[in-house]
Amino acid sequence: MAKSQPIPGSTGEVLTCLPSPYIPHAATGLLYLPRMIAKCRYVQEHGEMPQSYRKNYGRGLDRFLSMHLGVEPKQIQEAVHSSADDAELDAKLLALFPEDVRAAKWNRELVQKGMTKAGREFLAEALGNMGCADRVDEIISVPDLIDFDEGRIA
1 MAKSQPIPGS TGEVLTCLPS PYIPHAATGL LYLPRMIAKC RYVQEHGEMP
51 QSYRKNYGRG LDRFLSMHLG VEPKQIQEAV HSSADDAELD AKLLALFPED
101 VRAAKWNREL VQKGMTKAGR EFLAEALGNM GCADRVDEII SVPDLIDFDE
151 GRIA
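Each residue of the sequence shown is one higher than the last, beginning at 1 in full-length UniProt numbering.
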């Protein structure tokens, strides 16, 4: 039997230009940071995120990563918006972040987001809303849900 796919439009506009949350940042090793940077650049270019992404811009995983680093999401946004290129941005982020970003701790926490009882309930509800309740045993974390919604998990 064919696996279900998200009902088109069920989560709103989907940005396939954003990187997977599983991609590490080259200068820090932090998963998800390239995605947060890409979201900041999208806002810089387009003025705002699409409606379907606005509720989590600067919140959600953006906020969790910022809290892990002891900074505000706005500080990362400002660094992105004021940098001419990746090298300048990396220098600003390395100056902003603590010397030890505890990448292994963050990366482990990120890949486990959604694995608590409440998290599993959230994922089941989200998958149900997408018309994909049959995928609940396969989409096991919030990063998986993002990749599934954006078409990186078939």
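One or more of the hints may lead you astray.
BS3-like cross-link-like pairs, simulated, lysine-lysine; straight-line CA separation at most 30 Å [to be verified]:
hint: 1; residue 1: K74; residue 2: K55
hint: 2; residue 1: K92; residue 2: K117
hint: 3; residue 1: K3; residue 2: K105
hint: 4; residue 1: K3; residue 2: K55
hint: 5; residue 1: K3; residue 2: K74
hint: 6; residue 1: K117; residue 2: K105
What follows is a set of in silico ranges between Cβ atoms, one per label pair, in the way DEER data are often shown [as the list claims (entries may be wrong)]:
hint: 7; residue 1: E88; residue 2: K3; range: 18 to 28 Å
hint: 8; residue 1: R152; residue 2: E78; range: 24 to 34 Å
hint: 9; residue 1: A103; residue 2: T16; range: 24 to 34 Å
hint: 10; residue 1: I153; residue 2: N107; range: 35 to 45 Å
hint: 11; residue 1: E72; residue 2: K3; range: 38 to 48 Å
hint: 12; residue 1: G151; residue 2: A124; range: 13 to 23 Å
hint: 13; residue 1: A27; residue 2: K74; range: 28 to 38 Å
hint: 14; residue 1: L96; residue 2: N129; range: 31 to 41 Å
Treat the hints as calculated values from the structure; they're not laboratory data.
Keep in mind that this is a model prediction, so the values were computed, not measured.
Just so it is clear, CB atoms sit at the ideal spot from N, CA and C, and this is done for glycine as well.
Hints, one by one, checked against the model:
1. K74 / K55: 15 Å, holds
2. K92 / K117: Violated - the C-alpha atoms of K117 and K92 are around 38 Å apart, more than 30 Å.
3. K3 / K105: 33 Å, violated
4. K3 / K55: With a Cα-Cα distance of about 29 Å, the restraint between K3 and K55 holds, given a limit of 30 Å.
5. K3 / K74: 39 Å, violated
6. K117 / K105: Holds. K117 to K105 sits at ~21 Å (cutoff 30 Å).
7. E88 / K3: 18 to 28 Å: Check failed, 43 Å falls outside 18 to 28 Å.
8. R152 / E78: 24 to 34 Å: 29 Å, holds
9. A103 / T16: 24 to 34 Å: Since the Cβ atoms of A103 and T16 sit about 26 Å apart, the hinted range of 24 to 34 Å holds.
10. I153 / N107: 35 to 45 Å: 19 Å, violated
11. E72 / K3: 38 to 48 Å: Holds: the Cβ-Cβ distance is about 40 Å, inside 38 to 48 Å.
12. G151 / A124: 13 to 23 Å: 21 Å, holds
13. A27 / K74: 28 to 38 Å: 20 Å, violated
14. L96 / N129: 31 to 41 Å: Holds: the Cβ-Cβ distance is about 36 Å, inside 31 to 41 Å.
Checked against the numbered hints above, the structure breaks hints 2, 3, 5, 7, 10 and 13 and satisfies the rest.
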